[in-house]
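Fit the two chains together into the complex; they arrive one by one in their own frames, and the hints show the way.
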Amino acid sequence: MNFRLLAMTTLGVLAAAGCSSTDGSKAGELGNGGFYFACTDAVSCTRYSDDAEKFPKAVSVGSSFQVRFTPKSSSSLSASDSHINLTTGTDRGITISPVGEFISRGPNGLVALKLGYGTITARDASGQLIDFVNIRVAKPDALVVYDAAVAHGDTPSRIESLTMSLSGSRQLRAFAQEKNSVLAGSLSVEWTAEPKSGVVDIIDSDGEVTITPRAAGTAKLTASGGTFSQEISVEVKP
Amino acid sequence: MKLSSRSLAGLVLAVALSSLAGCTAQYDHTDIGQARASVLGGRVDRQGITVPEGMIVTVHMVSYNDDNNIMPMTLRAADPTILDVSNVVSDHDFAFIGLKQGTTDVELRADDRVVLVMQAVVGPQPSVP
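Chains as they are written, first to last, in this note's numbering: chain A, 1337 to 1574; chain B, 50 to 178.
Here chain B stands alone, though its shape is the one from the complex (with noise of 0.2 Å):
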């Protein structure tokens, strides 16, 4: 088989442009801490995240490259009136904030790019004795 000059220009700079792809670092995985209950309790991990009305989780994220370099991520509640998620001033700790009961999805966003999304559900108060 005989490829003319303009097909074989077309493959060299198609297998060109995904060496140069295959030189960005990719999404590999997020590693999600232990998580710091309310007093009430609450819990976020791979299961997803729950927390009790009017309370705070907190927890450490962070998420890597296939370079294992850290990306920067963002996160954010698909219905923020159910749930606010915060960042924390100390470096890759999040809040998340029980505003009122009910279920929405929390996304995890590194490098612009959506990569998790986790279920959160915020759940009643146990009734005070």
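Extracted from the complex, chain A is given alone in its bound form (with noise of 0.2 Å):
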């Protein structure tokens, strides 16, 4: 290898290490600490959650999500404040808070309301800004439909159409897509089926939904969230 591209190799390894803070938090936009991003859906949080690389761009419209604020030691906060960890809302005189009416408040911590680039802040007990961070709220152009049983963290399989007999019942969850990338955050899905009794039962709970064939025949279940629809049909053979 030759000096130069020796030198080349080590300032790229440099600069890639400056786009994150070491502790395995998104470096803030200001410096003064990292955030980590989490949230609970199995396909489109673990892959973003606790990871400075993995956090996300963007989250689906609709989703929840919650974000944590770590100050860096250095920053001007007292040393017993260095090492805290942050859920959203308020700890030790800290308070995550989004800007702005892109990302809101919810039950669940942050909720991605209206399209662009939301901000996040953290800011100290005397209201002063310590740090904030970007992210983007998009709109899905796919709800990937797939089977709950997949392993958390894995890209499953996309079900268009499922064949059930009438013993035994399916678990299916779905994720938001845009442009083939899995979207960030817990979107709330609802499920409906049609016709609503008759060939399936179906019970919705926590974005899980749970299928249950009653009679031979054909019905269209409809997954719904982040602005986007998505049909499956069930044939249910006797």
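Simulated from the structure, these hints should not be mistaken for laboratory data. Cβ atoms here follow ideal geometry from the backbone N, Cα and C, with glycine treated the same way. Take these hints with a grain of salt, some might be off.
Claimed, not checked - 30 Å max Cα-Cα, derived BS3-like pairs, lysine-lysine:
(1) A:Lys1475 to A:Lys1532
(2) A:Lys1393 to B:Lys149
(3) A:Lys1515 to A:Lys1390
(4) A:Lys1450 to B:Lys149
(5) A:Lys1573 to A:Lys1556
(6) A:Lys1475 to A:Lys1390
(7) A:Lys1573 to A:Lys1393
(8) A:Lys1450 to A:Lys1393
(9) A:Lys1475 to B:Lys149
To be verified - Now the stretches of chain A that chain B is said to cover, found in silico as 3 or more residues with beta-carbon under 8 Å:
(10) 1433-1444
(11) 1447-1454
Unchecked claim - From chain B, some residues computed to sit far from chain A (all C-beta separations above 12 Å):
(12) Ala74
(13) His78
(14) Gly82
(15) Gln83
(16) Arg95
(17) Asn117
(18) Ala127
(19) Asn136
(20) Val138
(21) Ile146
(22) Glu156
In structure tokens, the structure reads:
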């Protein structure tokens, strides 16, 4: 390896290291601490959580998530505050807050409400801005329905139709996609069946739907979330 | 022209007071550093403040008196529902936070006197592709 190549490689590594803080969180725009992303849905959360390299660039509109902040030990905050981890809200005098109308507070943390770029701030007890992070709120161009039994963190196969027998049931979930990339955030998905009864019964719980066949026939299952809907056909065989 | 003793005392007092006033340092100027724009742009300079809705633009600002000493200063938006102006934890850094689209004035006060008024515009975000 010649000297120029070695020098360029070293600079490249240093530059890449500068994109994130060393503790696994995404460095804030002001360099005063790090932000962590977290949410509860397997496919659209695990891959983005607790790692700077994984901090999502975009969340799905309508989804909920949490952001934690850890101030840098060299910041002007007191040493006793230097290692705190914060969930959304206020802890030890530091508050995590969304800016404007793009992201709001919700029962499960933060909720992405409006398409565009949102900002999340961390402030100290006196209201001074410690740091902030930006995240894009995106509209899904697809909802992918998948088997809930798929291991967390995988990209599961899309289910477009189901064939079931009268015995047994299936559990399905859905995640949002934009240009074939998984959008971060726990998306509130509403499941409906047509006809409403007769062929299948559905129980919708915490984003997961359980489908139980009742009689032979066909039904249409619709998952709606993030301003987008996805239909799958269900055939129940005798 | 003869001055009465009372008039003379008044004149001496007036001169003394004006001398005292001259000893108090007055606001001189404010240095506005290079603004740190948001991912969608924005600026802070003597021409004014522009911030995209939902974004934050930060800037380093310091006011000086005519003795070239730093003066304590505060910034306040006339309409805080449009623009939030916050102190940053680092000294003399300020954050202009675009809350909703609109126009408002931002007052800069040094030693509790308004010394500068800047117009702030919170504009729409460029359409996301």
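| field | Hints that the structure is at odds with (numbers, increasing) | value | 7, 19, 20 and 21
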